[in-house]
Amino acid sequence: ILNVEQSPQSLHVQEGDSTNFTCSFPSSNFYALHWYRWETAKSPEALFVMTLNGDEKKKGRISATLNTKEGYSYLYIKGSQPEDSATYLCALYATGNQFYFGTGTSLTVIP
Amino acid sequence: EPEVTQTPSHQVTQMGQEVILRCVPISNHLYFYWYRQILGQKVEFLVSFYNNEISEKSEIFDDQFSVERPDGSNFTLKIRSTKLEDSAMYFCASTRTMNTEAFFGQGTRLTVV
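Those sequence lines, one after another, are chains A and B.
Under our numbering, residue 111 is the last one in the first sequence; the count climbs by one each step, no gaps.
Under our numbering, residue 113 is the last one in the second sequence; the count climbs by one each step, no gaps.
Isolated chain B, as found in the complex:
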């Protein structure tokens, strides 16, 4: 069964450092998403991506965040200068079309110290 893969599974970084979280969506999917879940809180939307550009982003997704699809298969989330409050599980998801079921990766646990 096709799956979304995320790497790394855990990342510990110092405050102020840059991190790149990687995702390989399902190959024939067209819509890509990043979500995060801070421990004990609701899953929060960060950004959606379609046709090589951002289609929607949340207030959380400020100038410190960026997304790229560098090579047509990977989908990356970059946090330029991490803050303590960026510590969370980050989930990548993809959908074949706009309204079909989402397939999620297993998440990257980011800990900023």
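One chain only, chain A, in its complex shape:
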């Protein structure tokens, strides 16, 4: 079992603030790092799939970076909006054809 850690566990920010969270993972046995956004009562929705060290991906106000050598990824949200409120999950796709999920960071954006 590979241990994927996310921090912080929860976060409250004001509308308009920028924020970031961390996903750390064992750097061996690495195929890809996925970020998912999970709103209550919905299914997780893929944000990014990153495979290369130094990868940076962006979707609107959300971006992510990956450091496979040291085993971490950051997710950034610029100018948070209330609709960004969700749980952000990272998942390591590694040997064994499976995803290893972190516990998620719960983001609440206060209007």
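For the record, the hints were derived by calculation from the structure and aren't laboratory data.
Note that the structure is predicted; figures quoted are calculated from it, not measured.
Glycine residues also receive a C-beta, built at the ideal position from the N, C-alpha and C atoms.
Please note: incorrect hints may appear among the correct ones.
Far from chain B by the CB rule (all over 12 Å, computed), these chain A residues [stated by the list, open to error]:
# : residue
1 : Pro8
2 : Leu11
3 : Asn20
4 : Lys58
5 : Ser63
6 : Tyr76
7 : Pro82
Quick list of the computed label-pair ranges, beta carbon to beta carbon [what the hints assert, rightly or not]:
#  : chain 1 : residue 1 : chain 2 : residue 2 : range
8  : A       : Gln81     : B       : Thr13     : 38 to 46 Å
9  : A       : Ala41     : B       : Gln17     : 24 to 32 Å
10 : B       : Gly16     : A       : Tyr76     : 45 to 53 Å
11 : A       : Ser10     : B       : Glu18     : 33 to 41 Å
12 : B       : Ile38     : A       : Leu52     : 28 to 36 Å
13 : B       : Met89     : A       : Glu56     : 27 to 35 Å
Since the structure of chain A is already known, use the hints to place chain B on it.
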């Protein structure tokens, strides 16, 4: 947009009963997964399935669990004799290839009483 569908959305069953959770993955996807999340805990891997056979399973996936792709579209998870601790949200997911984004169903909430 293609989506993974799961039925039922809620299932209440008595301890010791068999349940079948159903999933329809995205049609051109080749890899299928079952995960579960017990309330307040991390999402846990149960099993992955490729080419009509299990490719990986976790310790949770014991002899009480089985998966099938009976007709080339449905992907089912069967729990033969449910226990109280099987109560959880069960999520099905599929990927087109091994390393592409996963599409998740909305989950089946299983409550064992």
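_To test your reading of the hints: which numbers does this structure violate?_
Every hint satisfied by this model.
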